[in-house]
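Engineer: Residue numbers (this note's numbering), protein chains in the order written: chain A, 1 to 115; chain B, 116 to 226.
Incorrect hints may have been included.
[As the list claims (entries may be wrong)] Within a straight-line C-alpha distance of at most 25 Å, the following computed BS3-like cross-link-like pairs (lysine-lysine) qualify:
1) A:Lys57 - B:Lys160
2) A:Lys57 - A:Lys15
3) A:Lys11 - B:Lys157
4) B:Lys194 - B:Lys160
Please keep in mind that the hints were generated in silico from the structure rather than gathered at the bench.
As a plain string of letters, each chain reads:
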Amino acid sequence: GAGVSQSPSNKVTEKGKDVELRCDPISGHTALYWYRQSLGQGLEFLIYFQGNSAPDKSGLPSDRFSAERTGGSVSTLTIQRTQQEDSAVYLCASSLLAATYNEQFFGPGTRLTVL
Amino acid sequence: RKEVEQDPGPFNVPEGATVAFNCTYSNSASQSFFWYRQDCRKEPKLLMSVYSSGNEDGRFTAQLNRASQYISLLIRDSKLSDSATYLCVVNRGGGSYIPTFGRGTSLIVHP
Chain A
1 GAGVSQSPSN KVTEKGKDVE LRCDPISGHT ALYWYRQSLG QGLEFLIYFQ GNSAPDKSGL
61 PSDRFSAERT GGSVSTLTIQ RTQQEDSAVY LCASSLLAAT YNEQFFGPGT RLTVL
Chain B
116 RKEVEQDPGP FNVPEGATVA FNCTYSNSAS QSFFWYRQDC RKEPKLLMSV YSSGNEDGRF
176 TAQLNRASQY ISLLIRDSKL SDSATYLCVV NRGGGSYIPT FGRGTSLIVH P
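Kindly generate the complete structure, drawing on both the sequences and the hints.
Structural biologist: In structure tokens form, the structure reads like this:
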């Protein structure tokens, strides 16, 4: 079956512009995570959606970052007024349930470059 | 102390060697542990979960030591295809399913 997909695969933008990154999770997966990974760094948790519960936004680095998940499926991560330090690979992952041992399936990521 | 710490390596080993990685975590409430593998410029993929009793999958063995708060990954008979970065992942615990990722340990297996 189809895995997690993300679009665009690459995005180059100018400092100060807004960007939207899209994630299509695996069908039926109730949990969805956003991360970012800078060069040579580990994955940094950004936000977590579980079913119809309020999202856990504790990892968002500033109020320029927001995300939503419509209909319990597709998610969009929005970065407003982008800064050069926002340059990173943004990864989305989904899992069937939120449970103690639940495999996360990652999308291929969106490589964001802010000039 | 970082939440999840790993030796970044790289570990440079010949084919057929046995190599082991450790990962320490700071949150004693953590309840679930994983090793993910990430190839260069690719997304992470689950290698194996780490249970209290330890688990083995072919050439890979994972162990959990709750008292000392570390997990380990042992790779026997290394293959060239094992070259990758190995990410230690620990859930926050306390009912949270949000994982914390280590920065990863780089493994290079050479002929």
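Engineer: Decide, hint by hint, whether the structure agrees.
Structural biologist: Status of the hints after comparison with the structure:
no.	hint	verdict
1	A:Lys57 - B:Lys160	holds, 24 Å
2	A:Lys57 - A:Lys15	holds, 24 Å
3	A:Lys11 - B:Lys157	holds, 17 Å
4	B:Lys194 - B:Lys160	holds, 18 Å
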